[in-house]
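> Chains as they are written, first to last, in numbering that gives the first Met the number 0: chain A, 0 to 348; chain B, 0 to 292; chain C, 0 to 275.
By construction, these hints were calculated from the structure, which means they are not laboratory data. Ideal Cβ positions, reconstructed from N, Cα and C, are used throughout, including at glycine. Be aware that a few hints might be false.
Stated by the list, open to error - Here are the simulated distance ranges between beta carbons:
id, chain 1, residue 1, chain 2, residue 2, range
1, C, Ala63, B, Arg50, 47 to 53 angstroms
2, B, Arg50, C, Trp58, 52 to 58 angstroms
3, B, Ile88, C, Ile75, 22 to 28 angstroms
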Amino acid sequence: MAVLDIKGVSKFFGSAVRAVDDFDLTVGNGELVCLLGPSGSGKSTLLRMIGGFETPSAGSITIDGDEVIHLPPERRPTGMVFQSHALWTHMNVFKNLAFGLKLRRLPADEIRRKVEDVLKLVGLTGYGTRQTHQLSGGQQQRVALARSLVLEPKILLLDEPFASLDQHLRERLREEVRDIQQRMGITTLFVTHGQDEALSMADRIVVMRDGRIEQVAAPDMLYREPATPFVAGFIGTMNLIEGEVKGGKFVRASFSHPLPIADGPAIFAVRPEALAIAPATGEGAARIHRVTDYGTHGLVDLELPDGTRHKAMVSEARDWKAGQPVTLAPRAFAAYRDNAVAYRSSTAS
Amino acid sequence: MSLSPTSDIVGASKKSGGLIGLLLVAVPVLLIGWMIIYPIIAAVITTLWLRNDAGAYVFSTQTYRFFFTDGYSLANLGLTLWTTVVCAIILLVVCLPIALYLRFATGRLAVYVQGLAIFPLFVPSIILSYAFIRVLGPNGMLDILLNAAHLPKIRSPYLTPWGPVIGLVWDHIPLTVLILMAGLGSVSDASIEAAKDVGAGPVTRLWYIILPRISNSILVAASFAVLGIFSAFTLPYVLGPAAPEMMGPFMQRTFRDLYDPPNAITQAVVSFGFCIVFGLFYVRSVVRNQRAR
Amino acid sequence: MAAATTYREPRRVDWAGIGFAVVLTLCIILPLLVVGTWAFANVWRYPSVLPQEFGLRYWNATLARADVWTAITTSISLAVVVTLISAIICLPAAFAFARLQFPGRSILFFSFLAGQAFPKFGLLVAIAGIFLQLNLIGNFWGVVLIQLVGTLLFMIWIPVAAFQGVDRRMEEAARDVGASPLRVFWSITLPQAGPTIGAAVLLTFVNTFYETEGAWLIGAPAIRTMPVLMISFINNQPVIQYGAVLSVLLWIPSFFALLFARRVISGGSFARGFGA
Ligand SMILES: Nc1ncnc2c1ncn2[C@@H]1O[C@H](COP(=O)(O)OP(=O)(O)OP(=O)(O)O)[C@@H](O)[C@H]1O
Ligand SMILES: [Mg+2]
Numbered sequence: 000m001a002v003l004d005i006k007g008v009s010k011f012f013g014s015a016v017r018a019v020d021d022f023d024l025t026v027g028n029g030e031l032v033c034l035l036g037p038s039g040s041g042k043s044t045l046l047r048m049i050g051g052f053e054t055p056s057a058g059s060i061t062i063d064g065d066e067v068i069h070l071p072p073e074r075r076p077t078g079m080v081f082q083s084h085a086l087w088t089h090m091n092v093f094k095n096l097a098f099g100l101k102l103r104r105l106p107a108d109e110i111r112r113k114v115e116d117v118l119k120l121v122g123l124t125g126y127g128t129r130q131t132h133q134l135s136g137g138q139q140q141r142v143a144l145a146r147s148l149v150l151e152p153k154i155l156l157l158d159e160p161f162a163s164l165d166q167h168l169r170e171r172l173r174e175e176v177r178d179i180q181q182r183m184g185i186t187t188l189f190v191t192h193g194q195d196e197a198l199s200m201a202d203r204i205v206v207m208r209d210g211r212i213e214q215v216a217a218p219d220m221l222y223r224e225p226a227t228p229f230v231a232g233f234i235g236t237m238n239l240i241e242g243e244v245k246g247g248k249f250v251r252a253s254f255s256h257p258l259p260i261a262d263g264p265a266i267f268a269v270r271p272e273a274l275a276i277a278p279a280t281g282e283g284a285a286r287i288h289r290v291t292d293y294g295t296h297g298l299v300d301l302e303l304p305d306g307t308r309h310k311a312m313v314s315e316a317r318d319w320k321a322g323q324p325v326t327l328a329p330r331a332f333a334a335y336r337d338n339a340v341a342y343r344s345s346t347a348s
Numbered sequence: 000m001s002l003s004p005t006s007d008i009v010g011a012s013k014k015s016g017g018l019i020g021l022l023l024v025a026v027p028v029l030l031i032g033w034m035i036i037y038p039i040i041a042a043v044i045t046t047l048w049l050r051n052d053a054g055a056y057v058f059s060t061q062t063y064r065f066f067f068t069d070g071y072s073l074a075n076l077g078l079t080l081w082t083t084v085v086c087a088i089i090l091l092v093v094c095l096p097i098a099l100y101l102r103f104a105t106g107r108l109a110v111y112v113q114g115l116a117i118f119p120l121f122v123p124s125i126i127l128s129y130a131f132i133r134v135l136g137p138n139g140m141l142d143i144l145l146n147a148a149h150l151p152k153i154r155s156p157y158l159t160p161w162g163p164v165i166g167l168v169w170d171h172i173p174l175t176v177l178i179l180m181a182g183l184g185s186v187s188d189a190s191i192e193a194a195k196d197v198g199a200g201p202v203t204r205l206w207y208i209i210l211p212r213i214s215n216s217i218l219v220a221a222s223f224a225v226l227g228i229f230s231a232f233t234l235p236y237v238l239g240p241a242a243p244e245m246m247g248p249f250m251q252r253t254f255r256d257l258y259d260p261p262n263a264i265t266q267a268v269v270s271f272g273f274c275i276v277f278g279l280f281y282v283r284s285v286v287r288n289q290r291a292r
Numbered sequence: 000m001a002a003a004t005t006y007r008e009p010r011r012v013d014w015a016g017i018g019f020a021v022v023l024t025l026c027i028i029l030p031l032l033v034v035g036t037w038a039f040a041n042v043w044r045y046p047s048v049l050p051q052e053f054g055l056r057y058w059n060a061t062l063a064r065a066d067v068w069t070a071i072t073t074s075i076s077l078a079v080v081v082t083l084i085s086a087i088i089c090l091p092a093a094f095a096f097a098r099l100q101f102p103g104r105s106i107l108f109f110s111f112l113a114g115q116a117f118p119k120f121g122l123l124v125a126i127a128g129i130f131l132q133l134n135l136i137g138n139f140w141g142v143v144l145i146q147l148v149g150t151l152l153f154m155i156w157i158p159v160a161a162f163q164g165v166d167r168r169m170e171e172a173a174r175d176v177g178a179s180p181l182r183v184f185w186s187i188t189l190p191q192a193g194p195t196i197g198a199a200v201l202l203t204f205v206n207t208f209y210e211t212e213g214a215w216l217i218g219a220p221a222i223r224t225m226p227v228l229m230i231s232f233i234n235n236q237p238v239i240q241y242g243a244v245l246s247v248l249l250w251i252p253s254f255f256a257l258l259f260a261r262r263v264i265s266g267g268s269f270a271r272g273f274g275a
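Pulled out of the complex, with its shape left as it was, chain A reads as follows:
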C-alpha cells in the first residue's frame, strides 16, 4: 500500500525551540509505528508536519516516493485523528463522514454505501442520524477514526486519540484500532504518552526525546535492550545506579559488582525483577526501606547508605521486613557510558 519516508526533518519555533531535530524514519507498508516520548518531545509536531499542518524547517517527507512537503493538508494522502476528536458539531454523524467524500464528488449512493461500511467497521451501524453530542466519548472517537478511514488514506496518523478516555475504554479501543489497521493493512503512525499503549500495539516503537530519536526497536527489544539510559528508565522500571568503574569493578557506596570495562564513570542498570536480594549478616549492601505486597509478588524499596533508593522484586513479600539489611545480586544487567551501552551481561535484563 504505502511507504512513508522521513529524512532529515527538523522544525524550529523561533531560534530557541527545536521541536523536531534532524529526524529520520521509514515506516513500511502496513506497519504500525508508535511515537513514544515525554511531553514536549516533539511527537505532535512531527505528526502535524506529516499531515501538512506544520511546515518543516528542513528535510523531506515522501509517501511512496512522492515528495509531499509542499502540498497543503487537503492534497496529502494522509488521514489524521485528533486527540479532541474534533468532530464537526453542527453536522450529524453521517454528514461528518460524508463531508470528505462529497468533496471528492462521489455519487450519492456510493457515499451512502461507503459511510455505512465504515460505520459497520467501527461498530456504529445505525448511528448515522445521531448528533455528535448524543454520542459517548468512545463513540465520538470511533466516528473520528471512521471519518479518516472512509477516505482510505495511504497513511493514518493518530495523535493520542484515546488520551481523554478512561482506562477500560482505552484498552478496548486500542485493540479495535489495531484490528482494523491490520485488516486494512494501512500504514499507521500513532502518537502516545503511554508505554503500555505503545508496547501492546506497535510493530515498532520510536522513543523520542527533545525532538530526537533515542531508539527505534520492536517492543520486546525495547524492553530487553534499551539503547540509552533514558530509554531504560522510560520503558518499564529500571534501577539506574550512577557510579565509578575501578579495576573491573563497578562501585557505588556499599554496592559493588564486577564490570569488565575500562575505568571511568558508568551507569549500572538492572531491572527490579533481575535484582536478587538475600538477608545479610551485619551491614549488607543496602537496607530495606519499605515492602509493598502486590499479592502475586512483592516490591522492595532498598536504600543505599548514601540515601539513593532502588527497587527489587521478590516472590513473597512477607519474607521481608523494613529495616532489614540485605545483600544485592544482579542476575542480568547492563552498563551505560556516554549515553550508550558499554556492557550487557549475557542474560540481558
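Assemble the complex: chain A is given as a structure, and chains B and C with the ligands must be docked to it using the hints.
Just chains B and C with the ligands now, kept in the frame of chain A:
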C-alpha cells in the same frame, strides 16, 4: 472576547497573513481614524486656532473664555454635573443591592428579577420617554391612581431636572447590573463562607470581603454611567426643563438651531475634558480585562 | 421511645426577592403596560382608571399617516444599509483579528475602543463639524456613516470572540479530509461561529434602528426616522394615541432582539465587553 496569540500549538501560524490581515482590517480601522480620532483632534484645533480678521489662523482661547464666563453656559454645565452625580449615586444605590441579590440568590424568583433588571436594554429610550410622560406626566397614570384613591396629586417631575434623572437611571440599570454582576462573579463562595466561619456578620462581609473585591467593577460601572449620562441627549431633551438644559440638548441647539458650530464644538470639547478621566479609566479597564483572558 | 421525627428545613421566604420583583415590576413593566393600553384605547378620559372604550381606531389612523410610513421605510432602509455595510467590512476584519498575525494587530484591535472614551453626543457634534464641510448634513449617507461608526465596536469584538471560539482542530480536520481553506471557512468556521455572529448582526440592526441622536443631529429635517418622528409626536402631537401606537410599532425590532439575542447578552462575555 480576548485576543489570544494565534501562534499557539494548534494553529498553523500564517506568516503570509501579514499583508492580507492588514488589508482585511483596513476599512474599519480607517473609518475609526477618520470618524473618531480625526474629529476629536480637529475639534480641539478648530476651537483653539481661530481665523482673525486678516484671514490668518491665530491661537485663541476666546470660545472657551466665552463658555466659562457666559452665565447660561455655566448653568447648563452645572445642571449636567448635578444630573450626572445624582444619577451615578442613585444607580449604584439601586443596582448594587440587585446585583448582590442576584449573585447569591437561586430559584425562579431570581431569574425573574434578573430578567426584569435586564429588560430595559430592550426598550429604546424614546419609548421610555413616552411611557414616563404617560405615567408621571400631568394627568398620567399616577395621577389617575392617586385620584382614584382620593389622594392629592403629586408635583410631576416632567420638565424638571428630576425628569431626566429618573429616565436616565431607568435606562442605565441593565448594564450597571450586568457589570456589577460580572464583578461579583469573581467573589468566590469559599471566601464568603470562610468569613462566615470566623463570625463575620452580613455587614462586615459586605464591607470587608465583597466591596473591596468589586471596587474596580463599581468604578467601571460608574465611569460607564458618567460617560453615558454626561452628554445624554434624547431623555433630557424630551423630559428635561427648557432652561437650563443639559449639555446634550445644549450642543444640539447651538449646532442646529443657532447655526453656531464653533461654539457647539467648544461645548463638546468641554464635555470631553470633564469626562476624560472616566473615559481613560473605562478604556483601560476594558483593555486590561481583554488581555487577562 | 418517641416515633422518629424527621427534621424538616424551615422554608425560608425570599423577602428580598419578593421586594425586588414587586418594585421592579411596578417601575419597569407598569409604564410599558400603560403605553400598550393607550395604543388600544379608543377613548380614555381623565380620571377613569381604565379606558372608556377599547379598539383599533388609532391603529388605522396612525397607519394612514404618510409621515409614519416614510419614517418606517426610512428607518428600515437605514438599518438594513448600515447593518449590511457593517457586516461586509467588519466580519472579514473580525476574522483577520481572530486568525491572522499581522503587525499592529493588538493596537488596531483596541483602537475600536477610541469612541468609548468620550461622551457620545460630544463626539457626534465633533463629527458633525466635519460633516458640515463635506455637505453631509441632512443627507441619507451622512446618517449612514455616523450610524455605521457606532456599530463597529460590536460588529468586530463579538465576531472575533466567535471566531476564536471555533476549535482549530475542527478546521484542521476539514483540511485533512480535503477541504480548501475557503471551503473550510464556508462549511466549518462560519456555521460554528454562526449563532453568535447572527446575534451580533441582529443587535446591530436593532441598535441602528433605535439610534436617535446621530439621526437627529445629522439627518434632520430631511431624514426622519421612527425615533425622530416619535420625538416630534411627543413634543407637538396632542392626540396621545398616535405616540402610543408608534411606540408599539417601534418596539417590534426590540422584541425580536429579546427573543433571539437574549442569551448572548445574559452570557458573561457581553458585559465583559463593556469592561466589567
Ligand atoms: N506553534 C508553536 N510555537 C512555539 N513552540 C511550539 C509550537 N508548537 C510546539 N512547540 C514546542 O515544540 C515542542 C514540541 O511540542 P509537541 O507538541 O510536538 O510535543 P509532544 O511530544 O506532542 O508533547 P505532548 O505529549 O505534551 O503532546 C514543545 O517544546 C512545544 O512547546
Ligand atoms: Mg502532543
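> Starting from the hint 52 to 58 angstroms, judge whether the C-beta atoms of arginine 50 of chain B and tryptophan 58 of chain C obey it.
55 angstroms, holds
> Within 22 to 28 angstroms or not, the Cβ separation of isoleucine 88 of chain B and isoleucine 75 of chain C?
40 angstroms, violated
> In this structure, is the beta-carbon distance linking alanine 63 of chain C and arginine 50 of chain B contained in 47 to 53 angstroms?
This hint holds: roughly 51 angstroms between Cβ atoms.
Violation of the numbered hints given earlier is confined to hint 3; every other hint is satisfied by the structure.
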